[in-house]
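*Asks:* The residues making up each chain are set out below.
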Amino acid sequence: MKHFLWKIGGEAGFGILTTGLVFSKIASRLGYYVFDFIQYPSLIRGGHNTYDVGFADKPVYSLKQDIDLLVCLNQETFTQHADRLSPDSLVLYDSSEFDCVGPYKKVSVPFKKILTDLKGQVVMKNTIALGATIALLGGDINILYDLLTSQFQKKGQNIVDFNKQFAQAGYDHIQSQYSAYIKNRLEKVDNQEGLVMSGNEVFSLGCVLADCKLYVAYPMTPSSSVLSVLADWQDKTGMLARHAEDEISVINTALGGSIAGVRSAVGTSGGGFALMVETVSFAGIAEIPLVIFLSQRPGPATGMPTWTEQGDLLFAVHAGHGEFPKIVLAPGDNDEMLDLTLAAFDLADIYQTPVIMLSDMLLSESHRSISKQKVQNLIKTHKVDRGKFVLEPDVVPYKRYKITDDGISPRLVPGAKEAYYQSNSYEHLEDGHTSEEAHVRINQIDKRARKMTAYLQKHFKGPIVLGDYKNADTVFITWGSTKGAVQEARKILDEDGIKTAQLHFTYLHPLDPQIITPFFKDKKRYIAVENNSRGQFEKLLSMELGIKIKEKILRYDGRPILAEDIINTLQKNNK
Amino acid sequence: MTPLHDFSGYKPTWCPGCGNWGIGVAIKAALIASGLTPSSVFISFGIGCSGNMNDFINAYASHGLHGRALPVAIGFKLANHKMKTIVVAGDGDFYGEGGNHFLHACRGNHDITVFVHDNRVYGLTTGQSAPTAQKGYKSKSTPGGIIEISVDPLSLAITQGATFVSQAFAGDTPHLIDLMTKAISHKGLSLVNILQPCVTFNKINTYAYYLSRTYKLSSEYKSDDRQLALQKASEVNEERFPLGILYKQDKKSYHEQVQVLSSGTLLDSKSSIDYTELMSDFE
Numbered sequence: 001m002k003h004f005l006w007k008i009g010g011e012a013g014f015g016i017l018t019t020g021l022v023f024s025k026i027a028s029r030l031g032y033y034v035f036d037f038i039q040y041p042s043l044i045r046g047g048h049n050t051y052d053v054g055f056a057d058k059p060v061y062s063l064k065q066d067i068d069l070l071v072c073l074n075q076e077t078f079t080q081h082a083d084r085l086s087p088d089s090l091v092l093y094d095s096s097e098f099d100c101v102g103p104y105k106k107v108s109v110p111f112k113k114i115l116t117d118l119k120g121q122v123v124m125k126n127t128i129a130l131g132a133t134i135a136l137l138g139g140d141i142n143i144l145y146d147l148l149t150s151q152f153q154k155k156g157q158n159i160v161d162f163n164k165q166f167a168q169a170g171y172d173h174i175q176s177q178y179s180a181y182i183k184n185r186l187e188k189v190d191n192q193e194g195l196v197m198s199g200n201e202v203f204s205l206g207c208v209l210a211d212c213k214l215y216v217a218y219p220m221t222p223s224s225s226v227l228s229v230l231a232d233w234q235d236k237t238g239m240l241a242r243h244a245e246d247e248i249s250v251i252n253t254a255l256g257g258s259i260a261g262v263r264s265a266v267g268t269s270g271g272g273f274a275l276m277v278e279t280v281s282f283a284g285i286a287e288i289p290l291v292i293f294l295s296q297r298p299g300p301a302t303g304m305p306t307w308t309e310q311g312d313l314l315f316a317v318h319a320g321h322g323e324f325p326k327i328v329l330a331p332g333d334n335d336e337m338l339d340l341t342l343a344a345f346d347l348a349d350i351y352q353t354p355v356i357m358l359s360d361m362l363l364s365e366s367h368r369s370i371s372k373q374k375v376q377n378l379i380k381t382h383k384v385d386r387g388k389f390v391l392e393p394d395v396v397p398y399k400r401y402k403i404t405d406d407g408i409s410p411r412l413v414p415g416a417k418e419a420y421y422q423s424n425s426y427e428h429l430e431d432g433h434t435s436e437e438a439h440v441r442i443n444q445i446d447k448r449a450r451k452m453t454a455y456l457q458k459h460f461k462g463p464i465v466l467g468d469y470k471n472a473d474t475v476f477i478t479w480g481s482t483k484g485a486v487q488e489a490r491k492i493l494d495e496d497g498i499k500t501a502q503l504h505f506t507y508l509h510p511l512d513p514q515i516i517t518p519f520f521k522d523k524k525r526y527i528a529v530e531n532n533s534r535g536q537f538e539k540l541l542s543m544e545l546g547i548k549i550k551e552k553i554l555r556y557d558g559r560p561i562l563a564e565d566i567i568n569t570l571q572k573n574n575k
Numbered sequence: 001m002t003p004l005h006d007f008s009g010y011k012p013t014w015c016p017g018c019g020n021w022g023i024g025v026a027i028k029a030a031l032i033a034s035g036l037t038p039s040s041v042f043i044s045f046g047i048g049c050s051g052n053m054n055d056f057i058n059a060y061a062s063h064g065l066h067g068r069a070l071p072v073a074i075g076f077k078l079a080n081h082k083m084k085t086i087v088v089a090g091d092g093d094f095y096g097e098g099g100n101h102f103l104h105a106c107r108g109n110h111d112i113t114v115f116v117h118d119n120r121v122y123g124l125t126t127g128q129s130a131p132t133a134q135k136g137y138k139s140k141s142t143p144g145g146i147i148e149i150s151v152d153p154l155s156l157a158i159t160q161g162a163t164f165v166s167q168a169f170a171g172d173t174p175h176l177i178d179l180m181t182k183a184i185s186h187k188g189l190s191l192v193n194i195l196q197p198c199v200t201f202n203k204i205n206t207y208a209y210y211l212s213r214t215y216k217l218s219s220e221y222k223s224d225d226r227q228l229a230l231q232k233a234s235e236v237n238e239e240r241f242p243l244g245i246l247y248k249q250d251k252k253s254y255h256e257q258v259q260v261l262s263s264g265t266l267l268d269s270k271s272s273i274d275y276t277e278l279m280s281d282f283e
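Protein chains in written order, with this note's numbering: chain A, 1 to 575; chain B, 1 to 283.
Please keep in mind that the hints were generated in silico from the structure rather than gathered at the bench.
The model shown is predicted, which means the values in this text are computed figures rather than measured ones.
For glycine and all other residues, C-beta sits at the position ideal for the given N, C-alpha and C.
Treat the hints with caution; some may be incorrect.
Coverage of chain A stretches by chain B, computed from C-beta distances (three or more under 8 angstroms per stretch; other residues unrestricted) [unchecked claim]: (1) 2-11; (2) 182-191; (3) 200-211; (4) 261-269; (5) 273-282; (6) 298-312; (7) 403-411.
Lysine-lysine pairs mimicking DSS-like chemistry, simulated, CA-CA at most 25 angstroms apart [said to hold, decoys possible]: (8) Lys388(A) x Lys399(A); (9) Lys270(B) x Lys417(A); (10) Lys251(B) x Lys399(A); (11) Lys470(A) x Lys380(A); (12) Lys461(A) x Lys417(A); (13) Lys106(A) x Lys183(A); (14) Lys58(A) x Lys183(A); (15) Lys539(A) x Lys550(A); (16) Lys388(A) x Lys251(B); (17) Lys447(A) x Lys461(A); (18) Lys524(A) x Lys539(A); (19) Lys216(B) x Lys248(B); (20) Lys155(A) x Lys119(A); (21) Lys82(B) x Lys417(A); (22) Lys491(A) x Lys572(A); (23) Lys399(A) x Lys374(A); (24) Lys236(A) x Lys372(A); (25) Lys552(A) x Lys491(A); (26) Lys251(B) x Lys402(A); (27) Lys374(A) x Lys270(B); (28) Lys236(A) x Lys252(B); (29) Lys417(A) x Lys248(B); (30) Lys251(B) x Lys380(A); (31) Lys417(A) x Lys84(B); (32) Lys187(B) x Lys82(B); (33) Lys523(A) x Lys447(A); (34) Lys470(A) x Lys447(A); (35) Lys135(B) x Lys187(B); (36) Lys383(A) x Lys270(B); (37) Lys417(A) x Lys187(B); (38) Lys461(A) x Lys548(A); (39) Lys399(A) x Lys84(B); (40) Lys182(B) x Lys270(B).
Construct all of the structure, not just a fragment, from the sequences and the given hints.
*Replies:* Structural data, given as structure tokens:
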């Protein structure tokens, strides 16, 4: 079954975002894989919002250009997206409000009349549209009723019933007036159960699973929903979610918690992270574990707050003055988000240093299917690894920064009897006292550096190889959220007989030359695909490992890279 | 009782005659008087001459970044609210670089004791003017005299919600020990602003200056009267310095109002989570 794209648009502030998510859940409950995408300006009211929901009976890796069903709650939705319609596209609108000129399958639903007849509010247009959508796609209206019930049951049965009649009106209108257009696109399919989660929600769940006890943040799009999700869950999880006065306080508060011995994390976007950077360096020298969730958006400065970009990779890799160990990870989809979140907390504890989890708006805010079974298995099996975190001193006087072979010293929980120590941001002796002696400095620098040698040996993972790398002529290099678009593009290219493979990187810093360099020794066409203007990962490979990738496919208009972008650029470059 | 030398780390590197010597001894004496040991207290130090005390006092500690001692202490306290938590910082660090944290920590009434070494000058960077300097004070960074008026830390603390606001003089160690001990036993945010001569860089606010301008609040002074406390605090503008507890109030501290901390510390908590309920949001 082909990947189907449903898209709804309307004025900001009128429920588009809620409606889109409800449709994603409907598709998921019917056994489909979903991948949705929200487009909204940095406004609360008065702008134009749209919500794409792509679904298929096979995993959906990417967004899609061609719209199969466009729901126009206002005229702007039609005029802005008409170029993505084809003669087969269904266009749902109210012909009493505006006309949709063009060769499409036009479906007029009398939103205005239904609202007047049933005494509804403007926001209930969405519910009518959902009812009509389900009818057009041959779905089961009861699933929508279940979702409306859980959404409104707190307000009472009469509110539930009131809302249901709008869905029913939309559904009935299609059944009676447009039965010829009804397609069986939402029949129940037999797939394993999925959860519909945004990347931020997966990260939040990962924090809980990883036994993170303290999450501190200052709201910043597109990371904000992690704070609201974890704050909402506090009573159920026992985790403390704190909204501090600024990002500098945020990261220092989290470090305080980590010093005390609890797993701690912060979340932000580029601008907030910029404020945190001095403290990242403190965590580095004082060897304090910390997980930093950095969800990128287009900068510089305030940039384009509600859009997407992979523009902060080199900033993250180089963040912090002085030289100290730091690990940077980047998930490319929900599965990787969950696995890497669990890894991030372990690595922070094991190597007693900051770990940055890079996300972006596309990954953070889009909802995608994740296997319920996978989540349940992890809940059952995941065991946290706190490394050399100890409850009693190994020797007295205790040496917090003891020189060891792997550079990692036992980290004692403060409050342990017969001991004391300081987490020191000054260069220090093994026992933590400040020192400016040359040999002490060298010993401690080398000790901290050895932690990354150990990391490369024990925990670093090379690129995930997708496709038949050996026989591929073209190899795409991806990191983060561009993974999916390339997977989707490769499916199409493979059908055309072009042999492709993909090297997808999730462990971005530090990099191990012994593992990575061999991948670049062959005579293949290597192409870096990134959502930024300079090819930051390509630069990192060049800087760190001397690997030169000549070809790049970049997109930096704030929109995600699509499979179509990749194929079009490839064809253009071939000419 | 813990002997004083248990708390004694390295020999201090402060200038001879510096007010920090008296403060250093007073902190140790107050910790002992409070029944604490080096293993039962957490001190978050700022950066500056006062922060250098990290090496001179034995305790669980953080010597972090300039201006950021307070949020580190807040995080520590949230994770382990059973441990006594103290901040030691200078006036530039606490009222300048970290001013925002100060305001908001007062609002939260976090159960943290703060000892601010207020010498009205930046000592460790060799004598620039501090936010506490009197208007017109000439320094390396303000050769024409500082244009801003002095920050009024006690009024700020009172108006933003701190529940123990006091002032002491580094030259009167017994009084300082007494105030520090009371501040440590207070539940909520307690501030001791310690007037401290910098003998090397500040030739105006000397021991003699403070001896003639400080006075102790009388035994009849009512520390629960907010208006009176604000009047007393603002005397800083007339170069008069009341010593003692200006303002004290009993209110719940931050961690006492956090639901997830009601059954114990985050450090000790063992999670038993109903994931089915969490996941139902995503179905």
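*Asks:* Under the constraints set out in the numbered hints, which ones does this structure not fulfil?
*Replies:* 1, 2, 6, 7, 10, 11, 12, 16, 23, 26, 29, 30, 33, 34, 35 and 40
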